[in-house]
Structure formats: C-alpha cells, structure tokens
Amino acid sequence: MKRRTWRRTLYHIVLWLVALVFFLPVIWIVLGAFKTKDQLLSTPPTWIFVPTLANFVDLFTRPNVTTYLITSVIISVSAVAIAIVVSFLAAYCFSRYQPRGTNFLMFLLLSMRMVPAAAVVVPVYMMYVAFGWKDTWLGMILFYAMFSIPFSVWILKGFVDGVSPRFDETGLVNGGSRLHVLFKVVLPQVRPGLVAAFIFNLVFVWNEFLFNYLIGGRRTTMVPVALSTWMYAQAGVDWTFVAALTTVYMLPPILIVLFFQKYLLTGMTFGTVRGEV
Amino acid sequence: MSTTSVRVQEYIVRRPAWHTRILRSIEESRLFSTSLLTPVLLFFLIWNVIPLLWMVGLSFYNYSLITGNPEKYVGFGNFVDIWSNINMWANFGRTFQWVFITVLVETVLGVLLGLLFWGSTDLPGRRIALTMIFTPMILAPASTGTFFRLIYEPTFGVINYFISTLFGTKIDFLGDRAWAFGAVVLVDVWMWTPFMILITLAALGAVPKAELEAAEVDRMPWYKRFWYVILPHGKFILMLGILLRTIDSFKVMDLIYLMTKGGPGNTTETIAITLWRKAFEGFTMGWSSALAVILLLTAIAFTSVYLYILNLTKRGAA
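Chains as they are written, first to last, in our numbering: chain A, 132 to 408; chain B, 495 to 812.
In isolation and in its complexed conformation, chain A is listed as follows (with noise of 0.2 Å):
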C-alpha cells in the first residue's frame, strides 16, 4: 500500500512536469515582462530579480496600446456576437425544416472554413479596396462575422438537432409562436453549444493577424497587427515592451481555457466530438 501511493505521487510530478514542460515558454514570456531591459537580454539568462512593474506602466502610458486594445475587444466581441445570432437562426433552420441543399451548403461553409487565409485574402483584398470598405469598423465587423459563421453553424446544428422536434410540437400547441419556440423553448437547450461557438469564434478572432493587417488600417488595428508592425518598424525590438503586451493579451484566452475547459473538446473540433477530457 505504502509503495502504490509512492508510485502515484511519482505519477504526478510526472504530468506536472509534463505541463511545466509545454508552459514553459509562456513562463518565459510572462517573466520577461517583469524584467528590466538588461535583465531580459542578459546571458547567462536572469532567473532572479526584482520583478518590476514599469513595463506594465509604460505600456499603458504609450498613447495607442489603450486604443489597440479596445479594438480588440469591441471588433471580437461585436463580430462573435452578430455571428452566434446569424448562425443560431441558419441552425435551426437547416435543423428543422430541411430545405433543398442542407447538406450542400453545410458543406460549402465548412470548406470555407478549410480554405487556407492565404488564398481568400487576395480576392477579399481587391472587393475592400474596390468597395471602399478597407479599413471601416463595419467592414471589419462584418468580415469577422463572417469568419466565425461556418464554425458556429456547425456547432449549433449539431445542438439543434439534439433537441427533441417534440419540443417545438409542444411548444406550438400550447399557443406559442415559432419565434417563442426559437428563444423560449430550443435556445435555453442548446445553451452549451451557443458558449462553446462563442468562446472559439472569440479566440480565433482575438487572435487573427492576416486579414487584420490586410483590410484593416489606422483605424481598425488590432493588437497582434499592432505587435508585428512594432516588431519592423524599428531598428532593434523594444522586448520588454512586447513581453508586456503579449502577457497582457494573452491573459482572457487563458482565462477562457481555465473557466470553460469542459467546452475545449466541443470547441475545437467544430462541435463533431462531445464530452468533456
């Protein structure tokens, strides 16, 4: 007995050294932002010092990181959002009614979703300049929208279609409208499938750089367009100043994985897999 509890703890320095192992570099990102500049780029490598808070400092009193950020956070969410409706509707459309072309058109969605960025980009690139819609909110807005379309429809027809037409039925007959039936009755049922469509579309949008830095502009910048600009436009790379950015930026999608990490599996594989790990 003695020696299995021994072997179980030595089980689990294991696996924690397995995830030590895979965070390890974001340790390093997250140390070099509370390091000063000698400190980050010193060799041999400083393990310990005194963490210093001045990054952080200089990083919000830079004029434009602020505004980068809110960026972010409004294009993300508002596209997410626009999309997690659009999709809900389409869902349970393809879901209950069945029209002619379902089956084609989910697979159109999904291909788009599969076509590398690269080769969209360059037709995308021409409609914006030709429409004049390069560098708008809308049409940044718009585009992520329909970034995260495929995906959530995916998702979420897989979670209609586990909700019972038996439901709808009642629903009905108790003098509900359709549109009752839609919010009252199968949106509160398909809850799981609308956080974990929403939460993904969030992370690929936050995190999405090509098309960013294509049809956005001055305006419309997000922070990883930001970052790589920064990145060339000077001669040497201010590191503490993008080892401060990056931690801050990458603090919600952490924190995503944290909180809903019972939705990871659904997430990403377009809702094909349940379950939890």
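Negatives, chain A to chain B, calculated, CB over 12 Å:
| no. | residue |
| --- | --- |
| 1 | Ile179 |
| 2 | Thr267 |
| 3 | Lys315 |
| 4 | Leu325 |
FRET-style restraints, in silico, Cβ to Cβ:
| no. | chain 1 | residue 1 | chain 2 | residue 2 | range |
| --- | --- | --- | --- | --- | --- |
| 5 | B | Val711 | A | Thr301 | 46 to 54 Å |
| 6 | B | Tyr655 | A | Val216 | 45 to 53 Å |
| 7 | A | Ala185 | B | Gly619 | 30 to 38 Å |
| 8 | A | Arg138 | B | Pro715 | 18 to 26 Å |
| 9 | B | His513 | A | Val216 | 22 to 30 Å |
| 10 | A | Thr233 | B | Trp612 | 35 to 43 Å |
| 11 | A | Arg193 | B | Leu559 | 30 to 38 Å |
| 12 | B | Thr659 | A | Ala185 | 28 to 36 Å |
| 13 | B | Lys664 | A | Ile144 | 32 to 40 Å |
These are calculated hints, taken from the structure and not from any lab test.
All residues carry an ideal CB built from backbone N, CA and C; glycine is no exception.
Fit chain B to the known structure of chain A by using the hints.
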C-alpha cells in the same frame, strides 16, 4: 330521481388578435424558414461567392497592381506557368513535407502524452495543469512567432545560452539554412501537440469501462490492450483529430511568416507563404489568384475526406 348536475368546463376559444393571425400565417409559410436562413446566405454571398468569382475570373488574366497595365486575358496561362515552375513544385513538396512531419510528430507525441494523462483524475490541481498544457494552442500565433524569435535569437536567446554552455557554439536557428525548417516545425509541434492530447483524451473517453476491466482481468499486455480494446473505440475521434490537424497545418501562414518570412533562402517557404509574397510583395494578382484557386480545390478535397470520415463515424456509432 335525483339528477346529478355535471358542471361542464367551458373552454372559450378566442379568436386571436389580427396581428397574431398575420404573424402566425407568416410563420407557417415558407417565407419564415427562408428568412431564418437569409442572413447567413447574405453573408455567404457577399463574403464568399463574390470574392470567389472575382478570384476565378482574375486567375485567367495577367493583372498586376504595380505596373498599371490594363489586365490582359491569358486563358490558362497562369496555371501553365505555375505548373511549369520548378520553384512551385519545390514549394508544394516542402508544404507536404511540413504537413507530414508536423502532423506525424504531433500525433505520436499527443497520443503518448494522452495515454500518460489517462486516469489522472486524482491529480492535484488537474484543471490548472491541463490549462497549462492547452495554453500554447490558444495563444495568438503572431505573438508566439514574435516571441520565439527572441528565444531562438543567437546572441541573447535562452536556447543558445544552454547550447553554448553545453557545446561551446551558438546556432542561429532561424537564420541558418540547415536549422530553420526544424526550428519552425518545433514551434508548431509545441503549439499543436496539446490538441492531439485533447483528442486522445476524448478518444480514450469513448472506450467502455467494462471492456477495459475485462482486459485487465485477462491480463492482456499493454500493446494488445491498445490495439484490440482502445483503438477500435477511439479510432474515429483520433482520425478526425488527425484530419483537422492536417488541414490546419496545411493552412498555417502567420506563424511561419512572422518567424522567418519564408527564409533563409526559401527553406521555410510553404505554398501559403508563396501566395502571400506574390500577392502582397509582388502584387501579381492574376498569378496569385490562379494559385489561390489551386489551394481552394485542395481544401475542398480535404473537406470531402473530412465529411466522408465523419459520416463513417456516425454510422460506426449507430
């Protein structure tokens, strides 16, 4: 005789108000189901169909944004050009090499670590440990790429500090032709092995407990247990995971671009990077569109395979 008086409950059926009646008739007509779908169709039309047609159209033209010449119809000229270009073949080869290596390493590592984490339900702080493992895949590739440049940096990077104390030399990982590809692969492996761990844990969750206990009682050796008990139940989820990873690995662009820009030389240039450079550094829009059409067809092929396997899964589960 006494008469029993029966109280009849009267149900009063009221005629619904006029606006309710109109609403109902709309809801029961086809208009309603169509209108539910309209927003998605609109999005689809504006952001997919129009650019797509535009792209297919452009791919038949010789059109450059910088020369200012009017576009010239060249038929399949661009496609022929891509087909006969040696560099393009090399880039396609490199892309498949990239996909193959990353997916293989991530799958093997992910399955092994997933098996290791199986039955770790009593791990203290399991939620935090799993969060730590899953963090790499939800970081912005832009910031990951940026930061790995610092970590790989020859003069003050951490990795080179250890290498120089161990072997006495320094390696410019991202600037050296021999190392760049491997270095970028390593970052991708770091980012996406967690995904395969996640998939493996899901696949293991699909294995019935009873069969495992039976295997335990029979004292089945571990490899037989894996092959005859775990794999038959978990293989579909695993297949889906591998396929999703293949597609994503084929797509990856920002990570590589921010670390090496496809260099040194073109040792890390995958097709997605080529397309980007031709379109937004060379501004040859016609030629890039032709390449994009080819990528699109490849992606549709991937999607078909994905759905085919998905249908098999459903049939397998039923």
